[in-house]
Amino acid sequence: NAGVMQNPRHLVRRRGQEARLRCSPMKGHSHVYWYRQLPEEGLKFMVYLQKENIIDESGMPKERFSAEFPKEGPSILRIQQVVRGDSAAYFCASSPPYSGSVLGEQYFGPGTRLTVT
Amino acid sequence: AQSVTQLGSHVSVSEGALVLLRCNYSSSVPPYLFWYVQYPNQGLQLLLKYTSAATLVKGINGFEAEFKKSETSFHLTKPSAHMSDAAEYFCAVSDQGSSYKLIFGSGTRLLVRP
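If you're matching them up, the sequences are chains A and B in order.
At position 76 of the first sequence the residue is numbered 76 (the numbering used here), and the sequence of numbers has no breaks.
At position 38 of the second sequence the residue is numbered 38 (the numbering used here), and the sequence of numbers has no breaks.
Since the hints were derived computationally from the structure, they do not count as laboratory data.
Each statement offered as a hint is correct.
Computed spacing ranges between beta-carbons, pair by pair:
1. B:Met83 - A:Lys62: 44 to 50 Å
2. B:Met83 - A:Ile76: 37 to 43 Å
3. A:Val83 - B:Pro79: 42 to 48 Å
4. B:Tyr39 - A:Glu68: 28 to 34 Å
5. A:Glu63 - B:Met83: 44 to 50 Å
6. A:Val83 - B:Gln96: 31 to 37 Å
7. A:Glu52 - B:Thr77: 42 to 48 Å
8. B:Leu20 - A:Lys51: 39 to 45 Å
9. B:Thr77 - A:Glu63: 41 to 47 Å
10. A:Gln81 - B:Glu15: 44 to 50 Å
11. B:Gly97 - A:Pro8: 33 to 39 Å
12. A:Gln50 - B:Leu56: 32 to 38 Å
13. A:Gly16 - B:Ala54: 49 to 55 Å
14. A:Glu68 - B:Pro114: 44 to 50 Å
Derived, one-sided and incomplete: chain A residues facing chain B with beta-carbon distance under 10 Å:
15. Gln6
16. His31
17. Tyr33
18. Gln37
19. Glu40
20. Leu43
21. Lys44
22. Asp56
23. Ser58
24. Ala93
25. Ser95
26. Tyr107
27. Gly109
28. Pro110
29. Arg113
Glycine included, each C-beta is placed from N, C-alpha and C at the ideal position.
Pulled out of the complex, with its shape left as it was, chain A reads as follows (with noise of 0.2 Å):
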């Protein structure tokens, strides 16, 4: 059973750039999670998605951050006119409907690192 597939892994970009990061989840998981990890830091939630749903986006950035999860496909996270503010590493959880929503329970993917030039 494949886990929390991320890709690309590692992701350069100019500023000014677009940055597309895709999240692919465990197999019968329906919910997805971002998660952005800033040098010497703990993870920060940014979204909390449901197929076609976006539940929470509370942890977004009001502004160049958007993020989908369509029927068919995997959860994409978009950053516009990427900056340099941007560079870090972005996480995407995933989970069953009840364990992750309810009780928090959440199966993480490698990452992206994303740097911004």
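Chain A is already provided as a structure; the job is to place chain B on it using the hints.
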């Protein structure tokens, strides 16, 4: 706002020695608590979790943690360190209002000396 404090960004132990990684949380009600381990260039792996059952929780790889409400602590221990335990360890608490939202500490890097 809830928070998690991990004392010591780096902890160094000898192989075979006791491992103790500290975690304190702030919450007005007993939360769900988690310890995750992150090996280099990998994602976070759940070590163990506390969800209001037994206060002493056993996890994978010989780790355990004890929930102490009076001290608002959830320290992680292992009786005998192994070289393969070298990694970064994160304590997390579920948000009171939205339990799917995990609040993480800043992590403790465990170094194991031969």
